[in-house]
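Undergrad: Below are the chains, spelled out letter by letter.
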Amino acid sequence: MSKSLADISSLIGADISPESGGVIIDGVASLQDADHGDISFLSNTKYARYLESTKAKAVIVPENVDVPDSIVPLVVPDPYLAFLRVLEMFNDRSARDIADGISDSAVIDPGASIGNGVSVGPCAVIGNKVIVGKDTVIGPGTVLMPGVSVGENCVLYPNVTIMDGCTIGDRVVLHAGVVIGSDGFGFAPGDGRYHKIPQIGTVRIESDVEIGANTCIDRAAFGETVVEAGTKLDNLIQIAHNVRIGSNTVLASQVGISGSTTIGKGCQLGGQAGLAGHLQVGDGASVGAQAGVTKDVQPGDIVSGYPAKHHMTAMREEAALRKLPELLKLVRDQEKRIRDLENKNS
Amino acid sequence: MSKSLADISSLIGADISPESGGVIIDGVASLQDADHGDISFLSNTKYARYLESTKAKAVIVPENVDVPDSIVPLVVPDPYLAFLRVLEMFNDRSARDIADGISDSAVIDPGASIGNGVSVGPCAVIGNKVIVGKDTVIGPGTVLMPGVSVGENCVLYPNVTIMDGCTIGDRVVLHAGVVIGSDGFGFAPGDGRYHKIPQIGTVRIESDVEIGANTCIDRAAFGETVVEAGTKLDNLIQIAHNVRIGSNTVLASQVGISGSTTIGKGCQLGGQAGLAGHLQVGDGASVGAQAGVTKDVQPGDIVSGYPAKHHMTAMREEAALRKLPELLKLVRDQEKRIRDLENKNS
Amino acid sequence: MSKSLADISSLIGADISPESGGVIIDGVASLQDADHGDISFLSNTKYARYLESTKAKAVIVPENVDVPDSIVPLVVPDPYLAFLRVLEMFNDRSARDIADGISDSAVIDPGASIGNGVSVGPCAVIGNKVIVGKDTVIGPGTVLMPGVSVGENCVLYPNVTIMDGCTIGDRVVLHAGVVIGSDGFGFAPGDGRYHKIPQIGTVRIESDVEIGANTCIDRAAFGETVVEAGTKLDNLIQIAHNVRIGSNTVLASQVGISGSTTIGKGCQLGGQAGLAGHLQVGDGASVGAQAGVTKDVQPGDIVSGYPAKHHMTAMREEAALRKLPELLKLVRDQEKRIRDLENKNS
Chain A
-9 MSKSLADISS LIGADISPES GGVIIDGVAS LQDADHGDIS FLSNTKYARY LESTKAKAVI
51 VPENVDVPDS IVPLVVPDPY LAFLRVLEMF NDRSARDIAD GISDSAVIDP GASIGNGVSV
111 GPCAVIGNKV IVGKDTVIGP GTVLMPGVSV GENCVLYPNV TIMDGCTIGD RVVLHAGVVI
171 GSDGFGFAPG DGRYHKIPQI GTVRIESDVE IGANTCIDRA AFGETVVEAG TKLDNLIQIA
231 HNVRIGSNTV LASQVGISGS TTIGKGCQLG GQAGLAGHLQ VGDGASVGAQ AGVTKDVQPG
291 DIVSGYPAKH HMTAMREEAA LRKLPELLKL VRDQEKRIRD LENKNS
Chain B
-9 MSKSLADISS LIGADISPES GGVIIDGVAS LQDADHGDIS FLSNTKYARY LESTKAKAVI
51 VPENVDVPDS IVPLVVPDPY LAFLRVLEMF NDRSARDIAD GISDSAVIDP GASIGNGVSV
111 GPCAVIGNKV IVGKDTVIGP GTVLMPGVSV GENCVLYPNV TIMDGCTIGD RVVLHAGVVI
171 GSDGFGFAPG DGRYHKIPQI GTVRIESDVE IGANTCIDRA AFGETVVEAG TKLDNLIQIA
231 HNVRIGSNTV LASQVGISGS TTIGKGCQLG GQAGLAGHLQ VGDGASVGAQ AGVTKDVQPG
291 DIVSGYPAKH HMTAMREEAA LRKLPELLKL VRDQEKRIRD LENKNS
Chain C
-9 MSKSLADISS LIGADISPES GGVIIDGVAS LQDADHGDIS FLSNTKYARY LESTKAKAVI
51 VPENVDVPDS IVPLVVPDPY LAFLRVLEMF NDRSARDIAD GISDSAVIDP GASIGNGVSV
111 GPCAVIGNKV IVGKDTVIGP GTVLMPGVSV GENCVLYPNV TIMDGCTIGD RVVLHAGVVI
171 GSDGFGFAPG DGRYHKIPQI GTVRIESDVE IGANTCIDRA AFGETVVEAG TKLDNLIQIA
231 HNVRIGSNTV LASQVGISGS TTIGKGCQLG GQAGLAGHLQ VGDGASVGAQ AGVTKDVQPG
291 DIVSGYPAKH HMTAMREEAA LRKLPELLKL VRDQEKRIRD LENKNS
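Going line by line, the protein sequences match chains A, B and C.
Using the working numbering, the first residue of the first sequence is number -9, and each one after it goes up by one.
Using the working numbering, the first residue of the second sequence is number -9, and each one after it goes up by one.
Using the working numbering, the first residue of the third sequence is number -9, and each one after it goes up by one.
These aren't lab readings, by the way, just hints derived from the structure by calculation.
Honestly, I wouldn't trust all of these hints.
The list makes no distinction among identical chains, and a pair is therefore deemed to hold if it is satisfied within one copy or across any two copies.
[To be verified] Below, computed lysine-lysine pairings styled on BS3-like, alpha-carbon distance capped at 25 Å:
1. K285 with K313
2. K319 with K334
3. K255 with K285
4. K(-7) with K45
5. K(-7) with K186
Quantities reported herein were computed from a predicted structural model and do not represent experimental measurements.
Only chain A is shown next, with the shape it has when bound in the complex (with noise of 0.2 Å):
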């Protein structure tokens, strides 16, 4: 893809000279890895020399930064996000690419419901009273099994799941190797062996949810487990039965939810946290990556550490455990010395 440099400061607001205008950009780099034809961004001022050696053909870079001859500067107050928008000015990638009409080879219960514009991708599976809304994607492989529903302009990439009677809104986003609706991890030990507790809830994904790669969420035991509106996983996470996270709260990769605990809105989990069960995380709470949260954290509260405690108490912890070894020698030199005041005082 092309586009000329008269297009692009035009779409962010950047001054430039006429002759530049011309100028025709074939795609995004870093400046690093910047060839000729690139238009990259400096964000960040700590990066400015690597203005010296790129190969990009312009730079959006913010005021006051020296840019070498060679280069054209487009100067914006934000360059972070007139990059982001110069991203999306590039992205020729399509959910038409995954499937595009309905395949001959899906295999589409007659009992299906299938909305205007939908489009299935070979050996796709769809189910009996499964429901999809118009324009969504699903890619090849996926399987939905019967009553499950899918709302508007969703995005199921390939060899997805979604178990019986689970509900997604519109617009999300499913990536390759989710699982949604697994049985939830219910067993009652007794006479020696688990016996299988059945799970009879469904799982819940509201709209505007995106969810990682080989991401699985387990239904509920009984009523729901449920991501609320505009909330993201990351990849390989768990989600236990009966877990409700709240909106727009984002998970990073292969952090780990035990049952029954809810997340609230507006929160943060830092990858590969792990969350004991029937646990309360408030509204704009932050765990930390690797942490192990065994207590309800307070809406607001930033936690980190196993267990997982306030992240300045943890800081703390860890900064004195540094100072342990040598601690260890003066209280032991302390002792030699206390007995020789001793003997003294006797």
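Fit chains B and C to the supplied structure of chain A, relying on the hints for placement.
TA: Just chains B and C now, kept in the frame of chain A:
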């Protein structure tokens, strides 16, 4: 699904008044989530306050609990167990929802042996010399490679992969995206690169095992990786080559077990726990969530933390760590006072 | 499969008596698991006690080990390496077991370019403008989206997904459920919600890479996520957008690497280790299992723990932590004794 309170009370052995017997129940729910028409339960009396606000029409309770007049109480000695039986009564999910009969779009090798009553969903692929026992259900998109053997009455959810030569017992449940028999991670370094060690062993999953979504169990380098009867694995677990897990053990989500480690019978491993290779974990041992196990664990022991140690030791160290910042201050203060004393005594 | 001891001893360069040459070996096993007819090996002499009880018919041993009369010894300088060669001899698994020829039920876009000798399994889906190099094997249910390029002699196991435009080198092995090229986790907060940052980059997997089951590698926001030649990834690993992993590096299961982090050549990352974003890990560095890496790691360094630090420092702090409870007692005792001394000296 609807059931009369007469049927429900009869199932769980609760006495109700004749006029309540005709009350119709439409579903099961927690006290907080219950709607008009639901039945709920109270197991832990600390939640008794929810009895005032619940919309449930009937509630299973222990003796000596005050229930509002608007709710029909079903008094039993163990409300939780009784509720599980009611859950089962309301369970209308069936393995036949996953696949019912042999789909025209399943691809079954003529050299496969398929038992009576087996169902195979669309786009499932069954290879040469595969044996599937009677009444087993194989979901859409699931792949059984050549020489796989699956027992009777198993349920394989969609998009499962079982690699060549692996063996699955009876009544085994494999959730969506499970991979059985992928190569173990075996490479020998030499000449500055890694040379693959052939992984010519297999996996044996014994009867009554249940394995959660997207969990991976690697085949043995030689011999077998084994999961013994009745053991339950949650989602996104990693079982490396030549691991052996004893019977009736439970592993929570995202646990990782390294090569050749042996877990005993009746163990419990918490979520995200990691075990190094070539370890022995004795029967009945418990490993805490996120623990990092680097040494053998004796039968019945409870370990936690990183590196994992006896849970009591870990708790004691954790408690001491919390006091470390103040200890640092105290010792520095003592240092000054000891010097004063030394000056006075010199 | 059966081999004579004459063939085996000839392969590994061990001298045996002529009468032993005709002995037939049916398989390979550890000393403990060996059955009559198996060959086994002793590499670490601490396991020599198993020689007394093993049922193996022959055993590969180093010099100066006493072997019971009933077992044929094959004496070599490096029994483990010799055993690996015997394993390879008994390896009858073949990529052709995964797919052999082009299945009638594979769905291949007419715009795809398929090399000579390529096999494609049932229900595999190959999109427009995909290029597959000669002799590559693509398993059942595997999906290659438009514009993907796969080299020669690759093995793609079942139910793999490779998203649009990603590039795979030669002799690459992707195990079941792998996802390559899913969107990076990029969202810009604004107006109380998250706005998706288009992920227009790709993934490049170089030659001789092997990637374990259900591992996910996200495409770059722009530019490329790269795994360099000869690198081996275990199961259930998360590689975020714009990560670059150097050649001949090994990552154990469940590792997570955050966005834009660079790993050097010849590194080793232990299981469940997590790395923050925008870090540099130098060539030849080692990261311990479950480590939480928050800073750059210098070439050749060994780090462990959370937050990760030099392994020796982490060990020293851990050792000191074990002494902390008794230190607390000692300091409290000292406090009393210092007070006594102060009283005497006041």
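Undergrad: Which hint numbers does the structure go against, in order from smallest to largest?
TA: none
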